[in-house]
Amino acid sequence: MRRDIFQAIADPTRRAIITLIAIHAMTPNAIAEHFDTTRQAISKHLRVLTECELVKQQHQGREIYYMLEIDKMREIDKWLEQFRRIWETRFQQLDDLLSTIKYKK
Amino acid sequence: MKNNLHFDFIADKEKNTLTIRREFLAGRQLVWDCYTKSELLDRWFAPKPLTTKTKSMDFREGGHWHYAMVEPNGTEYWGYTEYQKIKPIDYYTALDAFSNAEGEINKDLPSAEWLVTFTDKGENALVETIVTYKSLSDLEAVIQMGMEQGMTATLEKLDELLLILKK
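Line by line, the protein sequences give chains A and W. Reading the first sequence from the start, the letters are residues 1 to 105 in the working numbering. Reading the second sequence from the start, the letters are residues 1 to 167 in the working numbering.
Just to be clear, a hint being listed does not mean it is correct.
Facing chain A, from chain W, some residues (calculated, C-beta under 8 Å) [stated by the list, open to error]:
1) LEU30
2) TRP32
3) TRP44
4) PRO47
5) SER135
Hint data in this document are derived by calculation from the structure and do not stem from the laboratory. From the three backbone atoms N, C-alpha and C, an ideal C-beta is built for every residue, glycine too.
Build the full structure now, drawing on both the sequences and the hints.
Here it is as structure tokens:
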């Protein structure tokens, strides 16, 4: 199955997890406490997030902490920036057209 | 001067919408015409180096715009827009989808709802476009298509980025 960053943020629970661990790294148990769902379900979400490389694990003693890969989040913005440029190009063309039409009048 | 024109580009990753606001140095009627008359749409809609070619257009509620974006080498990518609600010169809503040259909609490719609103801003016109996709991955698919179509040179960087993302 294809895994990418957009799958990671497609799910509301995963977005909530991202928001939680953006502040500080957390253990799966601590994360699960914030949700009305099973620890298992949270583990599954964390697995998806890990596969998407949006979170990374850090071992501290016996505990595993999950933390956010901030750079990966930035890639979403970079990607959207490309889309923004399509619209900019399109609108510059409309600017040109509008000024041509106005001169003709 | 163009730099002073208002431009917002807001992506809402939770609602799967893009909101694009842009001011134009022309009155609302003229800008409305550029959005709703095929001979004018043909002159700006497809971003360079692509060009726009209208096969048929019937701008009314329930009507459509069947068009192609054409690569410099002649390759055509067809789109089909169905108009839903129209209130000249305030707003229109439409369903935008990919199609073939016969105008048959390709249901495997993402479609999007468009709400395009025109307002006055002094002597200028402000156009707000809200594009709603079914999911953010739909939006990604649109970008990828654009990339394959060589939609614009600025997308070359996206090639590299997508490679990084997919690793």
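Taking the hints in turn, this is what the structure says about them:
| no. | hint | in the structure |
| --- | --- | --- |
| 1 | LEU30 | 6 Å, holds |
| 2 | TRP32 | 11 Å, violated |
| 3 | TRP44 | 4 Å, holds |
| 4 | PRO47 | 4 Å, holds |
| 5 | SER135 | 6 Å, holds |
Checked against the numbered hints given earlier, this structure breaks only hint 2.
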